[in-house]
Amino acid sequence: MPFAIAFALITLTQSSQLPVMPPNMPSWLNNSTADTLFYKPASYNWDINRMPAFAKDMYATGVGHAMAYEAMVTGGAPELETKTFNIIDWVLKHQPTKPVDEGAISPTFMRKYGSLEKVFDWAHLLHFQVIDVFMHPGWTDSQKEAEVDRLWKNYSSQPYAISGLPMNMEFLDGFSYSGKFRKENPKVNGLFWGYHWLQTVNHDMLYRVPVQDQVAQYALIGNRYRETELYRIDRDFMPMTAEMSPRFAKRFPQIAASFDNLHMLHDNVNDILAQSNLSESQKQDQVKIAIYRVLDSTHKDEDPGDAVPKSLHDHRHPFGIPGMGMMKGSDEDSMFMAGMGWMDMSKCSHCSISLPDSGPWGATVSAEGWTMSVRCLMCARDMSAETPGRAIIRASTEDPNRLLVLISDEEGNWTSNIKEVVFLENYGDHPECNDWSRAFTSRAAFDKYTKANPEFKDVKPLNLTDWGKLNHGKPVTYRKIDKPNPYGMKMEGHGGGK
Amino acid sequence: MKIKSMFLVVSLLGLAASSAAHEGECPFCKLKLVQNTKDQDNEVVLKFGNKRIEYRCVYCVVKDQARYKTDLVVYAPSEKVGEPVVLKRTDGKWTAPAGSVFLNTFTKHANCAELSRAFSTKDAFTDYAKKHGAESAKPLNLDEFVAMVNKPAN
Chain X
0 MPFAIAFALI TLTQSSQLPV MPPNMPSWLN NSTADTLFYK PASYNWDINR MPAFAKDMYA
60 TGVGHAMAYE AMVTGGAPEL ETKTFNIIDW VLKHQPTKPV DEGAISPTFM RKYGSLEKVF
120 DWAHLLHFQV IDVFMHPGWT DSQKEAEVDR LWKNYSSQPY AISGLPMNME FLDGFSYSGK
180 FRKENPKVNG LFWGYHWLQT VNHDMLYRVP VQDQVAQYAL IGNRYRETEL YRIDRDFMPM
240 TAEMSPRFAK RFPQIAASFD NLHMLHDNVN DILAQSNLSE SQKQDQVKIA IYRVLDSTHK
300 DEDPGDAVPK SLHDHRHPFG IPGMGMMKGS DEDSMFMAGM GWMDMSKCSH CSISLPDSGP
360 WGATVSAEGW TMSVRCLMCA RDMSAETPGR AIIRASTEDP NRLLVLISDE EGNWTSNIKE
420 VVFLENYGDH PECNDWSRAF TSRAAFDKYT KANPEFKDVK PLNLTDWGKL NHGKPVTYRK
480 IDKPNPYGMK MEGHGGGK
Chain Y
0 MKIKSMFLVV SLLGLAASSA AHEGECPFCK LKLVQNTKDQ DNEVVLKFGN KRIEYRCVYC
60 VVKDQARYKT DLVVYAPSEK VGEPVVLKRT DGKWTAPAGS VFLNTFTKHA NCAELSRAFS
120 TKDAFTDYAK KHGAESAKPL NLDEFVAMVN KPAN
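As given, the protein sequences belong to chains X and Y, one line each in that order.
Numbers 0 to 497, taken from numbering that gives the first Met the number 0, label the letters of the first sequence in order.
Numbers 0 to 153, taken from numbering that gives the first Met the number 0, label the letters of the second sequence in order.
In short, the hints are calculated from the structure, not lab data.
Hints should not be assumed to be uniformly reliable.
[Unchecked claim] Computed list of lysine to aspartate or glutamate pairs in EDC-like fashion (alpha-carbon distance at most 16 angstroms, straight line): (1) Y:K46 to X:D428; (2) X:K182 to X:D140; (3) X:K482 to Y:E24; (4) Y:K68 to X:E69; (5) Y:K68 to X:D408; (6) Y:K29 to X:D233; (7) Y:K29 to X:E397; (8) Y:K46 to X:D88; (9) Y:K46 to X:E410; (10) X:K327 to X:E69; (11) X:K82 to X:D100; (12) Y:K29 to X:E410; (13) X:K186 to X:D233; (14) X:K111 to X:E279; (15) X:K186 to X:D88; (16) X:K55 to X:D88; (17) Y:K68 to X:E409; (18) Y:K79 to Y:D122; (19) X:K479 to Y:E24; (20) Y:K31 to X:D408; (21) Y:K137 to Y:D126; (22) Y:K29 to X:E69.
[Claimed, not checked] Covered stretches of chain X, as calculated for chain Y (at least 3 residues, CB under 8 angstroms): (23) 379 to 392; (24) 402 to 413.
We put the beta carbon where it would ideally sit given N, CA and C, even for glycine.
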């Protein structure tokens with residue numbers, strides 16, 4: 000540990016130079032022999048195929064990464080934005096129906112960076128098995144959550160496991176080589192960050208959502224992914240798991256953080272391979288150092304919140320988001336989010352009142368590629384109404400085991416996964432909005448609530464259509480955090496999207 | 000019918016007035032929405048089904064219109080507080096009240112809210128243009144304004 004801190008400090012103070020090789024590198028990093036780990040045997044494996052469109056999009060992400068890596072280690076870097084991009088794009092439009100062995104696509108890369116592939120493969124298996132569990136029919140939410148906890152334990156037991164601690168993203172993206180790949184190859188980098196969007200956004204689509212209600216959401220999410228997110232070149236930073244799936248990240252902070260650390264390792268590797276001034280040996284060393292930084296074994300006995308600020312061992316996280324490390328410019332209270340600007344994640348994105356610590360957690364709104372947490376159904380509806388395009392609301396009801404999933408069309412007309420849903424909305428002060436704006440799975444549940452809360456005894460229940468037509472506009476309590484974009488100025492008038 | 004329309008306008012204006020503290024961003028240009036003041040309305044409200052989306056200026060609305068597939072109503076702030084110029088897009092065709100004219104002279108989006116606006120009369124246009132250094136600007140009718148916005152960039 001003392002050495003690790005010293006190493007961190009050295010790399011921090013020498014950020015304009017290449018990171019140096021620590022002496023305590025795990026020996027397996029120099030072992031190029033195959034060591035393939037496979038799925039934890041289980042009845043849920045491959046249940047991702049229950050949603051073929053989603054499965055194919057996910058399988059295609061691995062193909063694209065492998066093609067780009069193979070091009071970069073075989074002299075194809077100058078054609079990444081043209082020939083390679085076009086091939087990957089073709090694959091994304093003609094996805095494989097089964098998982099593809101990346102070694103078959105990138106044999107040269109595998110020979111040169113075999114230890115890296117072990118880390119990638121092991122983390123990707125966790126990705127897929129978590130999805131499989133959530134898509135498994137017949138299990139309760141509690142059973143699924145317990146199994147995902149077991150998956151994390153199984154994952155962490157192997158030497159190739161990536162740390163589940165939040166890590167400082169500004170530090171991890173602050174080396175002399177950082178940013179080169181995305182600057183020189185914005186289209187291919189856009190594809191990679193588009194993959195990361197899909198790989199992180201899907202967890203809230205699935206988590207505690209009944210299997211039969213998952214497909215309808217992917218009709219919207221899949222379109223957004225294929226038409227917009229893959230081709231965005233205006234992102235400031237890669238999508239983070241807690242941004243895209245805040246409910247999942249709150250329940251499984253270690254898995255969320257490990258996915259972000261994995262994705263940052265991808266970015267580090269991209270940047271290292273893009274360095275034309277480094278020898279092959281230097282690139283291999285730098286990739287090993289990048290792996291070392293995010294390994295679970297490197298951070299043994301450390302905990303979330305531990306901090307050597309802006310170093311390798313900075314495990315602070317914004318307040319209310321234990322599954323995400325500090326971002327560039329962020330502090331415990333606020334962070335800069337793509338498409339949203341500066342946000343305080345502990346507060347409602349619509350009315351700026353603090354999110355409740357207990358009880359029904361309110362709702363999330365997903366639209367235009369972002370997902371935000373809000374205090375109540377009214378905040379969710381009105382926030383989506385002021386946003387162009389389709390939207391998804393995932394909201395608590397009086398029944399902790401029944402999640403309400405509302406999906407809107409372009410005009411803001413809603414459909415519900417709970418046919419008998421009724422709403423309470425007795426407009427009042429926002430600090431209490433989660434009391435007077437609620438959803439119920441039935442009229443009987445509504446009556447029970449209003450009987451227990453006499454102040455609502457004269458309030459009539461609203462059906463979905465009538466509730467969807469209401470709009471109270473923007474709350475006077477809303478406050479936008481007025482700070483500049485820490486990643487620099489954006490182009491004016493780009494309009495977002497493609 | 001007229002009473003119903005008036006009620007809608009008043010409702011929307013009430014909505015805008017109650018949101019004075021809000022500081023959202025324009026869906027098109029991504030710059031901050033300019034808030035209404037006691038002397039001048041600035042928030043452009045687009046109504047589309049159950050959606051009520053605020054834009055920074057009428058240019059941004061027309062430039063962004065392709066994403067909306069069905070009919071639109073736009074409440075464009077005018078020279079009179081509380082009395083917007085109501086634009087409609089019905090079956091793809093834009094209409095505006097008789098006599099309304101448009102200013103569209105901004106070169107940077109930082110100025111779009113100030114220099115892309117609707118007016119109920121030509122006299123109001125002339126008065127506003129003089130106060131905002133746009134004396135040489137030509138008052139545009141709706142068709143000219145939409146054509147100018149949709150003109151391909153050189």
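TODO: Against the earlier hints, flag every one the structure doesn't satisfy and list their numbers going up.
DONE: 1, 2, 4, 7, 8, 10, 11, 12, 20 and 22
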